[in-house]
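Protein chains: 2
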Amino acid sequence: MTSKRNAFYAQSGGVTAVINASACGVIETARRHKERIGKLYAGRNGIIGALTEDLIDTSRESPRAIAALKHTPGGAFGSCRYKLKGLEENRLQYERLLAVFRAHNIGYFFYNGGGDSADTCLKVSQLGETLGYPIQAIHVPKTVDNDLALTDCCPGFGSVAKYVAVSIKEAALDVVSMAKTSTKVFVMEVMGRHAGWIAAAAGLAQAQESDAPHIILFPEIVFHQPAFLNKVKASIDRCGYCVIVVSEGVRRADGQFLAEAGTRDAFGHAQLGGVAPFIANLVKANLNYKYHWTVADYLQRSARHIASKLDVVQSYAVGKAAVELALKGHNAVMPTIVRKSDQPYKWGIGVARLADVANQEKSLPRDFISADGFGITAKARRYLAPLIQGEDYPPYKNGMPQYVVLKNAAVPKKLTIDFKV
Amino acid sequence: MTSKRNAFYAQSGGVTAVINASACGVIETARRHKERIGKLYAGRNGIIGALTEDLIDTSRESPRAIAALKHTPGGAFGSCRYKLKGLEENRLQYERLLAVFRAHNIGYFFYNGGGDSADTCLKVSQLGETLGYPIQAIHVPKTVDNDLALTDCCPGFGSVAKYVAVSIKEAALDVVSMAKTSTKVFVMEVMGRHAGWIAAAAGLAQAQESDAPHIILFPEIVFHQPAFLNKVKASIDRCGYCVIVVSEGVRRADGQFLAEAGTRDAFGHAQLGGVAPFIANLVKANLNYKYHWTVADYLQRSARHIASKLDVVQSYAVGKAAVELALKGHNAVMPTIVRKSDQPYKWGIGVARLADVANQEKSLPRDFISADGFGITAKARRYLAPLIQGEDYPPYKNGMPQYVVLKNAAVPKKLTIDFKV
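As you go down the protein sequences, you meet chains A and B in turn.
To convert, note that position 233 of the first sequence is 232 in numbering that gives the first Met the number 0; the numbers rise steadily by one, no gaps.
To convert, note that position 36 of the second sequence is 35 in numbering that gives the first Met the number 0; the numbers rise steadily by one, no gaps.
Bear in mind the hints are in silico, worked out from the structure with no lab data behind them.
Do not rely on the hints blindly, as some may be mistaken.
If chains are identical, the list can't say which one is meant, so a pair holds when it fits in one copy or spans any two.
What the hints assert, rightly or not - DSSO-like mimics (lysine-lysine), calculated; alpha carbons at most 27 Å apart, straight line:
hint : residue 1 : residue 2
1    : K283      : K361
2    : K406      : K232
3    : K345      : K232
4    : K345      : K308
5    : K230      : K33
6    : K3        : K230
7    : K378      : K308
8    : K283      : K82
9    : K339      : K3
10   : K38       : K3
11   : K289      : K230
12   : K412      : K345
13   : K412      : K38
14   : K396      : K308
15   : K419      : K289
16   : K339      : K378
17   : K33       : K232
18   : K378      : K230
19   : K361      : K419
20   : K413      : K308
21   : K82       : K289
22   : K339      : K33
23   : K345      : K396
Note that the structure is a prediction, hence the values are computed from the model and not measured.
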């Protein structure tokens, strides 16, 4: 296919501090190939923008605004949690997508997301064969969870890793100051429902054994209350304080999430949400130490102000590579990060087939977790350490980071029929 | 008094991202006046170090290590939550303090803390008169709560203000990306037991009315559930999402904290936490919007990586000024920050009498809060905006900030009797 066709780009699933850097990579690269790629349309709120023909004309944005995406967190075009069903289950959806693509002469489909999104992208890539519409679908990897298969790491993860490691190091300096007469136990809840990558990254704050975090609770390790409480007590006996990082995905032996276990406070009120307060209360009830806890939630994945420079560079690189793969004629693939060496860290861009990526989850290997289940190993450190390298501060004005808000001008609709998602 | 005497410095109460910058100001200035000030001893864990004769010899630290305090969060010598009783109630405590001061020839007492600590400092300043021991006690202001009287702002506050404003701006970019199909309501809990200064600072993230935060809940404004829920709904109807900042100190009409934890700290203050999940659940139960919430807790006051440069400079300046006031013969005073103009922001150092500062609390003025009680006014903005100006990044190595850990070598004890605190 050599005729000039338009491209579609959308963001999918939970956004990150650097997903817009991938958008920037896609858009700037597409703009450099105007002989092959016409307009680049973004879906407003992900694939929903395609289904509802709610397209954004990115050509209306200045080069400066697009460049500013590189330092702007969140999803500049809106994202969504919406998974396409299989073709057999919902043929209407695919016919609608095709109608929109055809109406706007879209021949390139760039989808920026995690495992579910890779599956969506794979389904779109098959439209050429199954419905006779020529399209090239390229997935742009993104997920803070770092659980995508076949890529050494996931754009978005390095920045969360850095945020978590820096935050726990800072909070630990606070706790150790107060431990003599006040707070002895500090609990930080981090994301990662199914894989403990983010929790493991907190371990980078620990330079020597007595440093925080003293305990990390991983989704990969069944929570064993007596062993945990013993470890808390041992840490306080030895260091005077105990800093705990707990993944939201930690489970009991029966498979239930700790956070869903439900506890009651001193007044008998149901304890509201969060595995951090659950853990903190458990320690209080059994060991009677004064505690504080934090749930970073979205702060961890939007903290562009403390993003990993490497993560920003890699996020841009996969966006750029996605467009280059499309121009080389690829379909149903995803650019990957390939690690060439740990120290010095060297990396390059590879390619994976979406059929091998979609709906896979990469767990934290058991040998990344220490034998007692409460820390990370030297092997984990070798893997994780390069990913938080470098700072890449956004510009500031009047003390605040200058994040761009795009015009996001709508492309005039061409279809007469609305589609309900 | 012109003979050479030693000095005592201690950190008190909750620590901050910049209290060590004040320590740096005290130590570096004392070192420049060796003709008047002999050794500078720090109390290990605040005043407790004085009571237990657990003194740290800061002369054992290199100039480089002391300089690094300027970019290191937490309390480098340990802090405490411990309030001296009145002389009549516990004469033994004061006699013990005197014994330690006398044994180590301490003639200068620098106490770095908030309102409760100012009271302790005042009591120590009176030892000369009441127990016949000549000492000059100077208070060094510090509190993230910004509620100290007679100083325009409190060292420590500007950095929390910046953290909160930046974090809510970033999280809001995440929420607005997801709002179409997922999270519509985001709640961030911030510190501030009795005064809404920190909550107000979040308002700096709002450049125009549709920007986050859409609702701020202040301790100064009684929580009115129907008005709050109406405002949430109006925000979502208008903007598609709603970002809420809630102070831990928000109360019902009956005076009860919204999320009373039921425990009390060493000063008898109720220990708070968990109002964010309370608010989030309230919204869910009444309006059925999908929510996320965060409790930043210690992260907000230890986040040296995003400290306000002005705050760092002012924190250092009050430490330096405290020593200079002592050298000029002052006693029972506190250096203050004096604002000379808003725009351009100009400031200087003033002096306040501790008798006028101790146990006072400076509330957020009502005219800093908008008429509906859910936002800040232009007047508040004029006051707050200068305080978050400038970035002052710590040095990084291997992706992590390089914070100093001092040797904290103990001064050999001279007393034979131990003291139990």
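Hint check results:
| no. | hint | in the structure |
| --- | --- | --- |
| 1 | K283 with K361 | neither (34 Å within a copy, 33 Å between copies) |
| 2 | K406 with K232 | between (55 Å within a copy, 26 Å between copies) |
| 3 | K345 with K232 | neither (41 Å within a copy, 50 Å between copies) |
| 4 | K345 with K308 | within (14 Å within a copy, 35 Å between copies) |
| 5 | K230 with K33 | neither (60 Å within a copy, 47 Å between copies) |
| 6 | K3 with K230 | neither (63 Å within a copy, 49 Å between copies) |
| 7 | K378 with K308 | within (22 Å within a copy, 38 Å between copies) |
| 8 | K283 with K82 | between (42 Å within a copy, 24 Å between copies) |
| 9 | K339 with K3 | neither (36 Å within a copy, 63 Å between copies) |
| 10 | K38 with K3 | within (9 Å within a copy, 78 Å between copies) |
| 11 | K289 with K230 | within (16 Å within a copy, 36 Å between copies) |
| 12 | K412 with K345 | neither (46 Å within a copy, 54 Å between copies) |
| 13 | K412 with K38 | within (15 Å within a copy, 77 Å between copies) |
| 14 | K396 with K308 | both (21 Å within a copy, 13 Å between copies) |
| 15 | K419 with K289 | between (52 Å within a copy, 20 Å between copies) |
| 16 | K339 with K378 | within (16 Å within a copy, 56 Å between copies) |
| 17 | K33 with K232 | neither (64 Å within a copy, 45 Å between copies) |
| 18 | K378 with K230 | within (22 Å within a copy, 51 Å between copies) |
| 19 | K361 with K419 | neither (34 Å within a copy, 54 Å between copies) |
| 20 | K413 with K308 | neither (41 Å within a copy, 52 Å between copies) |
| 21 | K82 with K289 | between (44 Å within a copy, 18 Å between copies) |
| 22 | K339 with K33 | neither (33 Å within a copy, 56 Å between copies) |
| 23 | K345 with K396 | between (35 Å within a copy, 18 Å between copies) |
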